[in-house]
Amino acid sequence: MLQILLSATFISLLGGMCLIHFRHLHEGFSADHDLGGVQKFHAHPVPRIGGVPIALGLAVGCGFLAWSLNDLKILLILIVAMPAFIVGILEDVTKKVGPLPRLLATFAAAALGYFILGAGLQRLDIPLVDSLLSQVWLLSLLLTIVAVGGVAHAVNIIDGYNGLSGVVSIFIFLAMAYVAFKVQDVALMGLSFAMVGAIAGFLFWNFPRGLIFAGDGGAYLVGFMIAEVAVLLVARHPQVSPWFPLLCVIYPVFETLYSIYRKKFLRGMSPGMPDGLHLHMLVYKRLVRWMVGSKDASHLTMRNSLTSPYLWALSSVSVVPAMLFWQHTGVLMVFCALFAASYIYLYRMIIRFRTPRWLVLRRGCRLR
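Reading the sequence shown from the start, the letters are residues 1 to 368 in this note's numbering.
Derived by calculation from the structure, the hints in this document are not laboratory data.
Take the hints with a grain of salt, since some may be wrong.
[Stated by the list, open to error] The calculated label-pair distances, taken between Cβ atoms and stated as ranges, are:
no. : residue 1 : residue 2 : range
1   : Gln239    : Met269    : 26 to 32 Å
2   : Lys285    : Ala340    : 46 to 52 Å
3   : Pro127    : Pro45     : 50 to 56 Å
4   : Arg236    : Leu72     : 37 to 43 Å
5   : Arg209    : Thr329    : 25 to 31 Å
6   : Gly268    : Pro127    : 20 to 26 Å
7   : Arg209    : Val360    : 32 to 38 Å
8   : Arg236    : Ile79     : 30 to 36 Å
9   : Leu257    : Phe353    : 23 to 29 Å
Think of the CB as a built atom: it goes at the ideal place given N, C-alpha and C, for glycine as much as any other residue.
Throw the hints in and build the complete structure from the sequences for me.
This is how it looks when you write it as structure tokens:
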């Protein structure tokens, strides 16, 4: 496993270095030049094709895994993930691929996973629903497609600040690697470590300096791999509760669901329209007050990066109990409900300017 982790990290690190060093050759089409968008918080144009080194790291990690297990079928997951990754990269370089085509691409990738890898959801540990899922394969397929596509899209939603989605995703993959180890599934444990390495190599350049962004290609690839490994864990091992992966990804998933509710029912706008009221954006605007108002590029970049640790802490609140109670559906359900309630309470507290002072990082503080 160490070989898989280190090889994926090295290749991703090297790929990111090459993209940054030769940025003058590609930044005309790869950089994010829209600095004034409602969801833009960086100081200068930055290449957003960090999904390329992540994909390279994953490919090399999977290659070592397939070689060590003498099982080339492991490489099929790379083929299955291609629709989500390719459409995301197309958006990164053309800026013309809308949210719906990207979501449909992840649905297609999920369908491929269902038929090629056997990655299908056939139980939720809810008796009546489980009976329907086991008897009606089409219902199982639809549930799998929506779940996988939804998680991939949710990871893309939280990909807004340096290191945010990357570290959250590493937390999730480490939790799944732990459960894969407990059920002795070496292949899924290896895939998890390959993703940890691929993301870690990218993060070296992304946090805190923000030299490259994951973009839609990276976010959709990472989100899809999270969902696919999670579905395979549940499908292969009856002792793994289907609520384990749900609690692992509850932060990005609930962020997405709450955003849809907030836009549709509270603001009367299309859920697909961007706005500046996601939780991570509120943390940036109202909690991270370090050098607020400064137009200096280094200050803007540092303030961007200081936002992420708040959300890392929030994510760990769900990932840790998921690891501890991965077999106990009832306990996992309770923690899902507690997270949802805590999220809403925290969101309302910030939006109403009632945040405790100790949570506010004020001007004059320094990132150490």
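**Assessment of proposed distance window 46 to 52 Å (beta carbons of Lys285, Ala340)** = violated, 23 Å
**Prompt:** Is the distance from the Cβ of Pro127 to the Cβ of Pro45 consistent with 50 to 56 Å?
**Reply:** holds, 54 Å
**Item:** Beta-carbon spacing of Gly268 to Pro127 - inside the hinted bounds 20 to 26 Å or not
**Value:** Violated - the Cβ-Cβ distance for Gly268 and Pro127, about 39 Å, lies outside 20 to 26 Å.
**Consistency of beta-carbon spacing, Leu72 to Arg236, with hint 37 to 43 Å** = violated, 19 Å
**Prompt:** Do the beta carbons of Arg236 and Ile79 sit within 30 to 36 Å of each other?
**Reply:** violated, 19 Å
**Request:** Could you check the hint for me, namely that Gln239 and Met269 are 26 to 32 Å apart, CB to CB?
**Result:** For Gln239 and Met269 the Cβ distance comes to about 44 Å; the hint is violated.
**Request:** Take a look at whether the Cβ-Cβ distance between Arg209 and Val360 falls inside 32 to 38 Å.
**Result:** violated, 24 Å
**Prompt:** Would you say the C-beta atoms of Arg209 and Thr329 sit inside 25 to 31 Å of each other?
**Reply:** violated, 42 Å
**Prompt:** Do Leu257 and Phe353 keep their Cβ atoms within the hinted range of 23 to 29 Å?
**Reply:** holds, 24 Å
Checked against the numbered hints above, the structure breaks hints 1, 2, 4, 5, 6, 7 and 8 and satisfies the rest.
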